[in-house]
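Trainee: Start from the sequences, fold in the hints, and give me the full structure.
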Amino acid sequence: MDYDSKLSDIIASLPEVSGGFLYAPDRGIYSNQTSGVANNESLQQVSFKMTKIVSMISVHFHDTGGIRVCFRDLILFGTQIEAGHWLFLLHQPSLSPGMVKMTVQMALNIEPDKTPQVEIIQEAVVDNQPNKEIMAILLADESELQAPLTRIQDELAMYIGPVAELVFQDSVEIWASTHTPSIENLPELISMMEQEIDDDEDREKFSTSLKSKEEE
Amino acid sequence: MATAKDFSRLGDIEGVSRYILVRNDGYVVSENYEEAVALSSAIVTSGKFCDSLSDDLEGRRYIYCCVERTSGDNVLVFSLGRYYLGIIKHADCDPQQLADTIIGFLKGLA
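Chains as they are written, first to last, in our numbering: chain V, 244 to 459; chain F, -12 to 97.
Hint data in this document are derived by calculation from the structure and do not stem from the laboratory. Cβ coordinates follow ideal geometry from the N, Cα and C atoms, glycine included. Heads up, a few of these hints could be off.
Derived lysine-lysine pairs resembling DSS-like cross-links, with alpha carbons at most 27 Å apart [what the hints assert, rightly or not]:
| # | chain 1 | residue 1 | chain 2 | residue 2 |
| --- | --- | --- | --- | --- |
| 1 | F | K(-8) | F | K35 |
| 2 | F | K(-8) | F | K94 |
| 3 | F | K94 | F | K35 |
| 4 | F | K35 | V | K295 |
| 5 | V | K344 | V | K249 |
| 6 | V | K448 | F | K35 |
Chain V is faced by these chain F residues, among others (derived, beta-carbon under 7 Å) [what the hints assert, rightly or not]:
| # | residue |
| --- | --- |
| 7 | N19 |
| 8 | Y20 |
| 9 | L26 |
| 10 | Y49 |
| 11 | I50 |
| 12 | R56 |
| 13 | T57 |
Mentor: Okay, here's the thing in C-alpha cells:
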C-alpha cells in the first residue's frame, strides 16, 4: 500500500490535522509531511520514544493500540499500520480521538476495533510467546550469548536502574528479530542499549566498560 | 506538601479504574492496583520518554500521554517532577475529560 499518499489524503481530509509522518525502525522516517515542524532527526527520536512506550506497556497489557501524547496546543497521535510501520499525525486538541481513528481506519481500510473479547487478549498472549522463547534460548546455560548478554544487562542496570530489565528484554527481542543473534552482532545490540542512556557521560562509560570487559 | 494518603483519593475519581504513583527510581509510592510493581518500570520509562520529547519538539512540554487499548481501559501517564502517575481508566470514560479531572485534582494538591 502507498502509505505516503494515504497520509497525504488523511492530512487533506481533516483541517485540524497539521501534518504527519511515517516511521519504521529499519527505515527511519520515510515520509515527513510536517511542513517543517520538525526535522527527520527529531521525528526519528519522537517515533522511537513513542513506539517504545507502547511496546513497554504492551508487556503488561496485551491489547495495546495507538498512542496519543497531549501538549497544550497539539496532540501527537501514533498508530501501527502494519508490522513495524507506524503512522503519526499532529493535530489540534479540538479534534476528537474517535474522528482521528475513524479517518485513519477508513483511509487505510483497517477494520474498526471490535468489542473487547477474551479471545483477542488470548491471541495477543499467544503472539507474545515466541519473544519469550527467544529470551529463554539466548539466556540458556548452553548458549554462548548467555555470559555477554548477562554482562550487558548488569552494566545497563548501573546506568538506567530498575527499568533495565524491561529495556534489555525489549531491545534483545528487537535485535533478535532484525539480526542473527550472535557474538559478532553484539555491537548492534550494545548500540541499541546506548540509545537508552540519556546522559552522554554515562553512555560513554557504559560503552567503555563493556569494551574493557570484552578485552579481559 | 501532598502525601501518599492524599493520592489514595485518586481511586475515588469517577473514571479511574486503577492508579499507580511511582518515584523515578521505580519505587511505588501509592497504588490501588495489585500488579503495580510489575507495571511501575513501564510507567517510569514512559514518563521519562515523554519528558524528553520536549528536546525533540521545540521545548513543548507534554501534559499527559495515553496508550490506547482495545478494551478501552487506556493507560494515562502524567509527570509530577520526580514522580510519575499512571492511571488505568474505565473503558466507558472519556479520556480527555478524565485527564482534565486528574489535572484539577493534582493542582488541588499543589
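Trainee: For a quick check of understanding: which of the numbered hints are violated here, in increasing order?
Mentor: Structure breaks hints 7 and 8.
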